[in-house]
Amino acid sequence: MTATGNDASPKADSRKGKGGFRSDIQGLRALAVGIVLLYHLWPNRFTGGFAGVDVFFVISGFLITSHLIKSPPRTWKDVASFWARRIRRLLPASLLVLFVVGVATYLVAPQSIWVDTGRQIFSAAFYVVNWDFANSSVDYLAADNAPSPVQHFWSLSVEEQFYFIWPVIIGLAFLIGTKMRRSNAVIGFTVLGIFTASLVFSVWYTIAQPAMAYFITPTRMWELATGGLVAVFVTYVRPKRLPFSSLIGWVGLAGIVGGTFLIRPDMPFPGYIALVPVVSTALVILADSRGRFSVLSVLSLRPARFLGDISYSVYLWHWPLIVLVPYLSTKMGLSENLGRLDKAVIILVSLGVAWASTTWVENRFRKTAVLGGQKRTFGFAVAAMVLVGALGLSQMWVSDRIVEENQDDLQIAMDDPNSCLGAASLLPSAKDNPKCEDTKSMMMEPAAAKNDKSKAYADGCWASSPYRGHPECTYGHGKKKVALVGNSHAGHWLPTLERLAEKNDWTITTFLASNCSISTLPQDIKTPEGIKGCQKYADWVVDRTTSGGFDAVVTSERQSTPLQGKSWEETEQQAPDGHKSILQSWVDAKLDVVVIRDTPYPGGADIQVPDCVAKHEDDLEKCSGTPKSWHWMDPLAAAAKSIDSKHMSIIYPQDWFCPGGRCEPVIGGVITYFDTAHITATYAQTLAPQFDYRLRHTGLETFE
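Mapping to numbering that gives the first Met the number 0: the sequence shown position 313 is 312, numbers consecutive.
Simulated from the structure, these hints should not be mistaken for lab results. Owing to the predicted nature of the structure, the values given are computational and were not obtained by experimental measurement. Don't take each hint at face value.
[To be verified] Below, a list of computed lysine to aspartate or glutamate pairs in the EDC-like style, where the Cα atoms sit at most 20 Å apart:
1. Lys645 with Asp691
2. Lys330 with Asp341
3. Lys645 with Asp587
4. Lys502 with Asp691
5. Lys454 with Glu403
6. Lys627 with Glu568
7. Lys579 with Glu568
8. Lys454 with Glu501
9. Lys579 with Asp643
10. Lys478 with Asp504
11. Lys434 with Asp414
12. Lys589 with Glu700
Just need the whole structure built from these sequences, with the hints factored in.
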């Protein structure tokens, strides 16, 4: 997280202490890692603590740029020498943490997270995991995934990518500037240009794609370049003393601390809001204030110096502990929730392990000749990265083998007409079936459940923000044309309808959108393009289905976002109006309309079903709920109730998920949800007989 190698120690010509050591920068490191740690343990109190990462970015940009402009790379050998120092400084500790996390995940974490964690360990080993998380962040279905034990490596990846290209940029700027006899100016304008371009892009992209913008390197380069601008100013302009330096330092420190409490995770970040921690950090570094009443009196305290010295390792170790300790507690029969004592222990262990890691790993590789010359250094990097990457791949491979074998077993059971798999155990005939005596034994592995999704995902049937594309997928070859319309909570019924298509002479065409309800009212899709695109998509769906020769519409929705500018309470009251006109359009077009009331919502009780089942296989009661605790609003069903038409019918699926008044994570040996809200494809298929029975009793001509 921090740049503290020999070539980037906090000196930077500060004229302070022996060798110009910058105690204030060590204190800034301590403050940055401290607020990140507090945020991760108490996110509701230190709401903006994640901005500690931005403090680190500025520090790294300042120190690295200071070194490079004082000793500009003139040849590729110089660049390679810089990279080698970075490797010796950063890779040993970070790859050790990744290796330990990989092994610990095998030992204590449920199989359901092995695939994701293995993939992330692999990409983190090669310092590109920020792009992995960026792609996952815009995946609607990944939003409720369990936190990754290597999620914090996204910022390390950004920094390593910066370290890879920055010496090349500064070196080229120096060579061009030397020929022009204006090396200082060329370097300065180069850094300024990168800062400006990245900041403008960051502001725009944070509005356009806020989830992805948080992780990607182009939206963060300006923060590192800010430190570079400070380095250029300090090195080339060299003011003897900034006026009011103590005041400037305190203003900067106040900005960092204030941002920790005032910035919120729901704000568009980084964008312009990141200017608060970035500019504040730059002010503290630029002020270089000293004296009795300066920020140095706080930042140079011995505890701050100690924490600053081990800040890199604290950052590396604290997050895996926070993520993995609850899994260990569950295995030991203890509470999986972190209490105050647990959090205090995590802080102490993080500090202790970080000190040991700094002493015996960081300093040993950085200050001694353990790795020898450049060839040995690069050889170590390649070997270690491949080893850790292979560990991640092996984790994925083992999980994939488990899933494949499990899916084969499930298919065999599915094809057995006397099977009690899944919802078949709820049928009246199950009472007289000896195979149904044991319906609680799990036949589906949690890892298999997480990937047990309808074909709509693999077939690319989804419109996604900003909803410019209008994909349609067709299943079956029957005479009756049925449109499946809605968001992901319509899509998870596709396996049920597919199983009935051949029997009932249907052709199913999907009109599915991620996180967008088919409504006339604007929804909070996070970006202006998404809001407008969702409404245009809804208009297109209505036009396409009413004029496309369809016989019926099957539709379902989850109200996953509130209406634009409305609270959840206001949304529940007003959203039915947005669905009513859509439903009326279908009824007026003489289409038979089946509205499936939304399923009970385990996510409302903060239950990620496969992960919960994996942790509590011997006590599934902890993963269950009641219709009341799993209840969620359904404006679409509410709108359907208000329409009196022979072409309209509502199906209520609650009994299929909450038999006997208890909502179960496992029914007939099958896990019911593949995340916090979406039905597994296997369970949806087993619901086909019940669904068919309900359809035939709707009185709608298409389904008779």
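Do the hints match the structure? See the list:
1. Lys645 with Asp691: holds, 19 Å
2. Lys330 with Asp341: Measuring from Cα to Cα gives roughly 16 Å; hence the hint holds.
3. Lys645 with Asp587: holds, 11 Å
4. Lys502 with Asp691: Distance of about 10 Å is within 20 Å: holds.
5. Lys454 with Glu403: Holds. Lys454 to Glu403 sits at ~16 Å (cutoff 20 Å).
6. Lys627 with Glu568: The hint holds at about 17 Å.
7. Lys579 with Glu568: holds, 18 Å
8. Lys454 with Glu501: holds, 16 Å
9. Lys579 with Asp643: Judged against 20 Å, a Cα distance of about 11 Å means the pair holds.
10. Lys478 with Asp504: holds, 6 Å
11. Lys434 with Asp414: Measuring from Cα to Cα gives roughly 14 Å; hence the hint holds.
12. Lys589 with Glu700: holds, 11 Å
In terms of the numbered hints stated before, the structure departs from none.
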